[in-house]
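**Student:** These are the residues of each chain, in order.
2 protein chains.
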Amino acid sequence: MFKVLVVEDDGNLRKLMSAALKQNGYEPFTAEDGEAALDLLEKTSIDIVISDIMMPNMDGYELTTSLRRANFEMPILLVTAKESFEDKQRGFMLGVDDYMVKPIDVNEMILRVGALLRRAKMASEHSLVVGNCVLDYDAQSVRFGAAQAETIPQKEFLLLFKLLSYPNKIFTRRQLLDELWGMESEVDERTVDVHIKRLRERYNSNPNFEIITVRGLGYKAVKLV
Amino acid sequence: MFKVLVVEDDGNLRKLMSAALKQNGYEPFTAEDGEAALDLLEKTSIDIVISDIMMPNMDGYELTTSLRRANFEMPILLVTAKESFEDKQRGFMLGVDDYMVKPIDVNEMILRVGALLRRAKMASEHSLVVGNCVLDYDAQSVRFGAAQAETIPQKEFLLLFKLLSYPNKIFTRRQLLDELWGMESEVDERTVDVHIKRLRERYNSNPNFEIITVRGLGYKAVKLV
DNA sequence: TAGTTTGTTTACATAAAGTTCACAATTAAA
DNA sequence: TTTAATTGTGAACTTTATGTAAACAAACTA
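Taken in sequence, the protein lines are chains A and B.
Going by this note's numbering, the first sequence wraps up at 229, each residue one higher than the last.
Going by this note's numbering, the second sequence wraps up at 229, each residue one higher than the last.
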């Protein structure tokens with residue numbers, strides 16, 4: 005389910021938008037202003053941001069700038085009170101993807117969100133999200149929240165990716181060797197243990213997942229979120 | 005230079021749009037209706053399509069459907085006579101990326117085209133700005149702030165330009181060889197390393213970007229601004 | 001509880017990948 | 001034509017990843 009962050013200081017409108025999103029199969033999150041939004045974005049992996057421009061503390065433009073600067077690449081849809089060319093120009097320069105003019109037509113909003121997500125999906129396909137942790141298959145990297153993505157050794161990555169792709173599913177060492185090392189691999193089963201150990205060392209204190217030993221059978225990953 | 009296809013039966017409007025596009029650094033192509041557009045799309049690699057909805061022979065919706073069915077994935081921007089929700093809904097369903105309502109504001113059109121192209125990740129201009137650093141493709145030069153622009157060796161320039169055109173995207177050595185040296189080049193992959201080394205030597209202490217090695221995969225550029 | 005099985009951890013050897021250097025070949029400039 | 005700049009190569013070197021073996025620890029079993 006796609007996570008949509010609605011940033012809007014008007015409580016009624018916020019509720020209205022949330023409701024419409026929920027009704028259309030999205031998972032809405034809300035924030036009252038840019039600062040609250042940034043906080044939330046650190047913790048949660050939001051797929052698309054819909055933000056009002058005029059807000060207390062931090063307005064829509066500042067929010068956009070902050071996000072792009074922090075290398076967040078999700079689509080941003082700004083809501084403007086008046087249809088002004090200068091505003092739009094400024095927004096597009098900063099990295100805004102689309103505009104809506106108030107009063108908002110929630111049906112149109114749903115359509116635009118869909119179009120933006122569809123377009124954005126093309127960009128990075130092979131990725132896996134667990135809480136605020138994102139595994140990028142192509143970059144062989146792991147990122148937590150807004151932190152810098154870290155590329156990790158291939159075997160470790162594949163192992164983690166496989167386990168997290170099927171949370172709670174138990175994999176035997178043999179299965180993992182067959183799938184990640186190749187059927188004919190002559191590698192010792194203990195090798196899996198060693199890589200598990202390395203992964204645990206790397207991500208021991210993260211709050212998103214844990215690799216569990218299932219004695220006599222193998223290993224599994226569980227989500228903690 | 006980006007190729008924009010304008011599909012519009014009104015000759016005057018077509019000219020107006022073409023002119024505006026050309027003036028803003030795009031290469032405009034035109035077609036009078038959907039069928040003519042399809043013909044042209046077969047022959048030319050168009051980056052983005054702007055199409056009127058109401059046209060003889062094949063309208064904007066049919067054109068969209070045909071394109072998506074043929075796996076063309078460029079952004080499509082439809083121009084509608086009236087702002088009707090049903091129309092928009094239909095369009096977004098079919099795979100339209102954005103709408104503009106007539107009468108067209110050409111400035112807004114340029115902005116929307118820019119935003120769509122940026123989102124489509126095709127972004128690549130004739131000059132590229134990273135922080136206070138400017139790469140000029142035509143002059144094959146790099147300039148920092150107000151300093152004198154410095155022309156650098158071609159291979160180094162192309163390499164840097166390519167990497168910075170898609171920040172954070174990882175390129176394999178093979179990809180870079182194919183794209184910068186040509187598909188059939190017999191050059192050793194190590195050669196890329198050598199050029200990377202030279203670039204790093206040249207720009208090691210600049211605060212705008214950095215070339216990162218992604219072990220096992222290739223190289224990527226990251227913006228530090 | 002002692003012994004057995006299974007899983008964890010460590011240190012190390014080897015392989016794989018990336019960097020650097022000196023130089024030769026090529027191209028462009030003076 | 002001479003000189004300088006650019007580009008590619010191969011080998012030495014550095015760093016990182018991976019697998020093995022053995023010691024250690026925990027869990028099960030009789």
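Simulated from the structure, these hints should not be mistaken for laboratory data.
Possibly wrong hints are sitting among the right ones.
What the hints assert, rightly or not - Once the Cα atoms are required to be at most 25 Å apart in a straight line, the calculated DSS-like pairs of lysine-lysine come out as:
1) Lys173/B / Lys159/A
2) Lys201/B / Lys7/B
3) Lys227/A / Lys106/A
4) Lys173/B / Lys166/A
5) Lys19/A / Lys47/A
6) Lys47/A / Lys227/B
7) Lys19/B / Lys106/B
8) Lys159/A / Lys7/A
9) Lys227/A / Lys201/A
10) Lys26/A / Lys159/A
11) Lys106/A / Lys227/B
12) Lys159/A / Lys224/B
**Student:** Look at each hint and say if it fits the structure.
**Tutor:** Hints and how they fare:
Simply put, Lys173/B and Lys159/A have alpha-carbon atoms about 21 Å apart, close enough for the 25 Å limit, and the pair holds. Note on Lys201/B and Lys7/B: the hinted pairing is violated, with a Cα-Cα distance of about 35 Å set against a maximum of 25 Å. The suggested pairing of Lys227/A with Lys106/A is violated, with an alpha-carbon distance near 40 Å, which exceeds 25 Å. Of the pairs offered as hints, the one joining Lys173/B and Lys166/A holds, with about 23 Å between alpha carbons and a cut-off of 25 Å not exceeded.
Annotation: proposed proximity of Lys19/A to Lys47/A holds, straight-line Cα distance about 22 Å (limit 25 Å). Restraint check for Lys47/A and Lys227/B: satisfied, since their Cα atoms lie roughly 23 Å apart, inside the 25 Å limit. Restraint check for Lys19/B and Lys106/B: the C-alpha separation of about 15 Å stays at or below 25 Å, so the hint holds. Distance restraint check for Lys159/A and Lys7/A: the Cα-Cα separation of roughly 31 Å exceeds the 25 Å cut-off, and the hinted pair is therefore not satisfied.
Restraint check for Lys227/A and Lys201/A: satisfied, since their Cα atoms lie roughly 18 Å apart, inside the 25 Å limit. A distance of roughly 39 Å separates the Cα atoms of Lys26/A and Lys159/A; the hinted pair therefore is violated under the 25 Å criterion. Restraint check: the Cα-Cα separation between Lys106/A and Lys227/B comes to about 35 Å, which exceeds 25 Å; the hinted pair is violated. For the suggested pair Lys159/A and Lys224/B, the alpha carbons sit about 21 Å apart, so the restraint of at most 25 Å is met.
The earlier numbered hints that this structure contradicts are 2, 3, 8, 10 and 11.
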